[in-house]
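Enquirer: So you can see what is in the structure, the chains are spelled out below.
Number of protein chains: 4
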Amino acid sequence: MKKGKRVGFSKREVLTLAQAAYSGNPLFAVDPKKTALLVIDMQDEFVKPHWTPFWVPDATRIAKRVRRLVDYCRSKKIPIIFTAYSRTHSGLDRPKTGAFMPNRYKGKVPDNPSYFRDGRIWHELVPREGEVVIHKPSYGAFYDTPLESILKNLSRDTVVICGTLTNFCCGTTARQAYERGFKVIVGSDVTATDDSQLHEAELKTLRKGFAMVTTSTQIIRKLKRRMQGS
Amino acid sequence: MKKGKRVGFSKREVLTLAQAAYSGNPLFAVDPKKTALLVIDMQDEFVKPHWTPFWVPDATRIAKRVRRLVDYCRSKKIPIIFTAYSRTHSGLDRPKTGAFMPNRYKGKVPDNPSYFRDGRIWHELVPREGEVVIHKPSYGAFYDTPLESILKNLSRDTVVICGTLTNFCCGTTARQAYERGFKVIVGSDVTATDDSQLHEAELKTLRKGFAMVTTSTQIIRKLKRRMQGS
Amino acid sequence: MKKGKRVGFSKREVLTLAQAAYSGNPLFAVDPKKTALLVIDMQDEFVKPHWTPFWVPDATRIAKRVRRLVDYCRSKKIPIIFTAYSRTHSGLDRPKTGAFMPNRYKGKVPDNPSYFRDGRIWHELVPREGEVVIHKPSYGAFYDTPLESILKNLSRDTVVICGTLTNFCCGTTARQAYERGFKVIVGSDVTATDDSQLHEAELKTLRKGFAMVTTSTQIIRKLKRRMQGS
Amino acid sequence: MKKGKRVGFSKREVLTLAQAAYSGNPLFAVDPKKTALLVIDMQDEFVKPHWTPFWVPDATRIAKRVRRLVDYCRSKKIPIIFTAYSRTHSGLDRPKTGAFMPNRYKGKVPDNPSYFRDGRIWHELVPREGEVVIHKPSYGAFYDTPLESILKNLSRDTVVICGTLTNFCCGTTARQAYERGFKVIVGSDVTATDDSQLHEAELKTLRKGFAMVTTSTQIIRKLKRRMQGS
Numbered sequence: 347m348k349k350g351k352r353v354g355f356s357k358r359e360v361l362t363l364a365q366a367a368y369s370g371n372p373l374f375a376v377d378p379k380k381t382a383l384l385v386i387d388m389q390d391e392f393v394k395p396h397w398t399p400f401w402v403p404d405a406t407r408i409a410k411r412v413r414r415l416v417d418y419c420r421s422k423k424i425p426i427i428f429t430a431y432s433r434t435h436s437g438l439d440r441p442k443t444g445a446f447m448p449n450r451y452k453g454k455v456p457d458n459p460s461y462f463r464d465g466r467i468w469h470e471l472v473p474r475e476g477e478v479v480i481h482k483p484s485y486g487a488f489y490d491t492p493l494e495s496i497l498k499n500l501s502r503d504t505v506v507i508c509g510t511l512t513n514f515c516c517g518t519t520a521r522q523a524y525e526r527g528f529k530v531i532v533g534s535d536v537t538a539t540d541d542s543q544l545h546e547a548e549l550k551t552l553r554k555g556f557a558m559v560t561t562s563t564q565i566i567r568k569l570k571r572r573m574q575g576s
Numbered sequence: 347m348k349k350g351k352r353v354g355f356s357k358r359e360v361l362t363l364a365q366a367a368y369s370g371n372p373l374f375a376v377d378p379k380k381t382a383l384l385v386i387d388m389q390d391e392f393v394k395p396h397w398t399p400f401w402v403p404d405a406t407r408i409a410k411r412v413r414r415l416v417d418y419c420r421s422k423k424i425p426i427i428f429t430a431y432s433r434t435h436s437g438l439d440r441p442k443t444g445a446f447m448p449n450r451y452k453g454k455v456p457d458n459p460s461y462f463r464d465g466r467i468w469h470e471l472v473p474r475e476g477e478v479v480i481h482k483p484s485y486g487a488f489y490d491t492p493l494e495s496i497l498k499n500l501s502r503d504t505v506v507i508c509g510t511l512t513n514f515c516c517g518t519t520a521r522q523a524y525e526r527g528f529k530v531i532v533g534s535d536v537t538a539t540d541d542s543q544l545h546e547a548e549l550k551t552l553r554k555g556f557a558m559v560t561t562s563t564q565i566i567r568k569l570k571r572r573m574q575g576s
Numbered sequence: 347m348k349k350g351k352r353v354g355f356s357k358r359e360v361l362t363l364a365q366a367a368y369s370g371n372p373l374f375a376v377d378p379k380k381t382a383l384l385v386i387d388m389q390d391e392f393v394k395p396h397w398t399p400f401w402v403p404d405a406t407r408i409a410k411r412v413r414r415l416v417d418y419c420r421s422k423k424i425p426i427i428f429t430a431y432s433r434t435h436s437g438l439d440r441p442k443t444g445a446f447m448p449n450r451y452k453g454k455v456p457d458n459p460s461y462f463r464d465g466r467i468w469h470e471l472v473p474r475e476g477e478v479v480i481h482k483p484s485y486g487a488f489y490d491t492p493l494e495s496i497l498k499n500l501s502r503d504t505v506v507i508c509g510t511l512t513n514f515c516c517g518t519t520a521r522q523a524y525e526r527g528f529k530v531i532v533g534s535d536v537t538a539t540d541d542s543q544l545h546e547a548e549l550k551t552l553r554k555g556f557a558m559v560t561t562s563t564q565i566i567r568k569l570k571r572r573m574q575g576s
Numbered sequence: 347m348k349k350g351k352r353v354g355f356s357k358r359e360v361l362t363l364a365q366a367a368y369s370g371n372p373l374f375a376v377d378p379k380k381t382a383l384l385v386i387d388m389q390d391e392f393v394k395p396h397w398t399p400f401w402v403p404d405a406t407r408i409a410k411r412v413r414r415l416v417d418y419c420r421s422k423k424i425p426i427i428f429t430a431y432s433r434t435h436s437g438l439d440r441p442k443t444g445a446f447m448p449n450r451y452k453g454k455v456p457d458n459p460s461y462f463r464d465g466r467i468w469h470e471l472v473p474r475e476g477e478v479v480i481h482k483p484s485y486g487a488f489y490d491t492p493l494e495s496i497l498k499n500l501s502r503d504t505v506v507i508c509g510t511l512t513n514f515c516c517g518t519t520a521r522q523a524y525e526r527g528f529k530v531i532v533g534s535d536v537t538a539t540d541d542s543q544l545h546e547a548e549l550k551t552l553r554k555g556f557a558m559v560t561t562s563t564q565i566i567r568k569l570k571r572r573m574q575g576s
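Read top to bottom, the protein sequences are chains Y, P, E and S. For what it's worth, my numbering labels the leading residue of the first sequence as 347, then goes sequentially. For what it's worth, my numbering labels the leading residue of the second sequence as 347, then goes sequentially. For what it's worth, my numbering labels the leading residue of the third sequence as 347, then goes sequentially. For what it's worth, my numbering labels the leading residue of the fourth sequence as 347, then goes sequentially.
It should be emphasised that the hints constitute simulated quantities derived from the structure, not laboratory data. Keep in mind that the hints are not guaranteed to be accurate.
Sample of chain E residues at the chain S side, in silico, Cβ under 7 angstroms [stated by the list, open to error]:
| no. | residue |
| --- | --- |
| 1 | W397 |
| 2 | W401 |
| 3 | P441 |
| 4 | N449 |
| 5 | Y451 |
| 6 | F514 |
| 7 | R521 |
| 8 | Y524 |
| 9 | D540 |
| 10 | S542 |
| 11 | T551 |
Using 25 angstroms as the maximum straight-line C-alpha spacing, the simulated SDA-like pairs for lysine to any residue come out as follows [claimed, not checked]:
| no. | chain 1 | residue 1 | chain 2 | residue 2 |
| --- | --- | --- | --- | --- |
| 12 | S | K452 | E | A367 |
| 13 | E | K357 | S | K452 |
| 14 | E | K379 | P | V478 |
| 15 | E | K442 | S | G527 |
| 16 | Y | K423 | Y | I467 |
| 17 | S | K394 | E | T362 |
| 18 | E | K410 | S | S356 |
| 19 | Y | K442 | P | P403 |
Quick reminder that beta carbons are idealized off the backbone N, C-alpha and C, glycines included.
Take the sequences, apply the hints, and build the full model.
Expert: What follows is the structure, given as structure tokens:
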């Protein structure tokens, strides 16, 4: 690459392309008959106000919108799969270095609190008879769980992701779904985390390379349109 | 939760805890005899200036620092594993929705360009005889590859991650290593992406819940300290 | 390869080598501090006499010997992990073609029987407080479960496999453990199936390429020897 | 269970049921548009007469029949995926205890022979341009490889398995395909191993719980029937 005679892509060009992609979105058809809704970790630990140091205020705030999405899916027989981060297998199935992480808030957390054990889903979103709840040991809902097998059995190739935290369990699950060949849709106003800038940053990264990111209203619109046969 | 008699954690408390965790770091011992260096996708496609629309200028900038880390690891017999995003299995092994993603820059990319096929490592970092190169089909270096088996055979429980792009292949690989039980260290000044804010955002998320994030100088210092037996 | 001047390996030689390997055994050190006992599917469905069409009479017969192995491991603090084939996630996590298989005994099985739902461990082997039970959706104990993560957390690199059925859940689990890098030991007299010839055939295949196969007495002897420091 | 008043299933009944299942077969529809042919390890190491101690004489014998199946699939645009057991990643990706196994024939094998390195497909079956060859590090073709992703991209939900050795790479691959939700068909006269009794035993186990097992003529007939729309 000689100076003065540069060919190819300039720094400005490549960074402009990158920025455009961060505000872009993949385009793919969404078939409600092939879609499942994943409600990630909308459990008391994160949603119930003031209850634990892990409370995510924005998760409480989005609960009603998540409920609206859940209701729509129920009305259209789109399967809903709930996940909860819980104390499965006496905690022996947690990733080995998890206990070292700053997000464990050591010193702030009593020994083996009930919200770690139970993974109870927040009352506004309580699963109905027959709706699957996956109690998972880590961030990503696919790792060490049968989520992919369940989606195969339901003949689903598309997942809509909502829940909390955007940049932990939701984002990791989105990456895993993408790598397993699913079409991934992430709801921008039905996911929540504990830092609004990191919420936005996560969504930018997802929309550039992993998932369609859009509002719950748009998601319902897309599902409806197909329902009406267009 | 009655007003005026609130118990438990206030909104301010939980958000303050979250912020502290985002600038925290997990603490774990680093044993060079158990560590491997992963050099992620430092390939011409991303590093060679002006060559492709996928050029990441900051990846070019960090190459010398990555080389310093590589040299240190070589000198101490710490195994180095290179990855490259390449056209393996005629491209049939790519995640199914990859082609739809905005980061494919449709219209900007010739048909089957050589940089997609070869995954050639950038000349400053060319692997030596006996160093493993994994040609991978997706972002995460563990998915659909034998990386975990290789690390097991080398008796490694810790990985140091450097390379590009911070918020795609590096970040996804860090999440995967974490879930597989590895201690994960991400080099803050030996990873690069195409947006400095998203670089910082990714590192914040990683350090809160997935990985120790620190400079390459600090990484070498940590490895040295243990080498000297303390 | 010219006739009359054949070089290399004769048919007789290669078949003789193969036969020798089928009655051979891998040699590796067994460290009780790195070993876990897997008790595969010793549940009422298979062990309780006369109770279900899936009863394996030889599984009932080996229960006492399995108990002896369990007792030995308990006495030496070797972790024991039980598995049971159960109705997890409303059965939605079962492999898609399972329902077609001849071993489902259609017409012989009532609708959703309790032995499918519960996966209750046979009373002679009931797990103690703190011993892990993995309720699994398929034959192999590693597939879609966190078994490998649990073994990593317990720092185990060796698994002893006992239980039922030798050529289904035990054999599949042994293959999976082998591929994940574990040292695998299969108990020849603490596994059982519904056909003695297929029991022997399975053990031959395992010992040639996947696992050390030996009696429970020998397994205890090996564990003891190391306990005594030799 | 009181003596004298026994209810439920007698020992004879359950063993009779088991035997019936071992000679049964799952019934499922086979759609050629959803089917891929897997040709497992028909490589010089195993097929070329007299060349290595790993030669499987029956593998040489079935090569022509495998070729007929390959030709049929080519003529009908059914994708063919070849696998070969090769020296990938300097051998560092092999399962950790592999080297201890009796089937490595220590003392009979030169150091790093070419048949370990190359995994060259036997000349009667040489892959055509565009046909995928997966160089795999272990028995099962799905473990640590992108085979499942490739099958997803090709929209295949059914695999036909042929090749060698019946009770190692073919059988393990069949188990893995079953667990991943595929319909699995194993060719009884297009698989081979080094012991005819173990060949039969493996097929019995597979047909009871994992796969449809039938002759290559029957497989072609099934594929044809669907091609003709019935």
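Enquirer: Please write out, lowest number first, the hints stated earlier that are contradicted by the structure.
Expert: Checked against the structure, the hints that fail are numbers 10, 14, 19, while the rest are satisfied.
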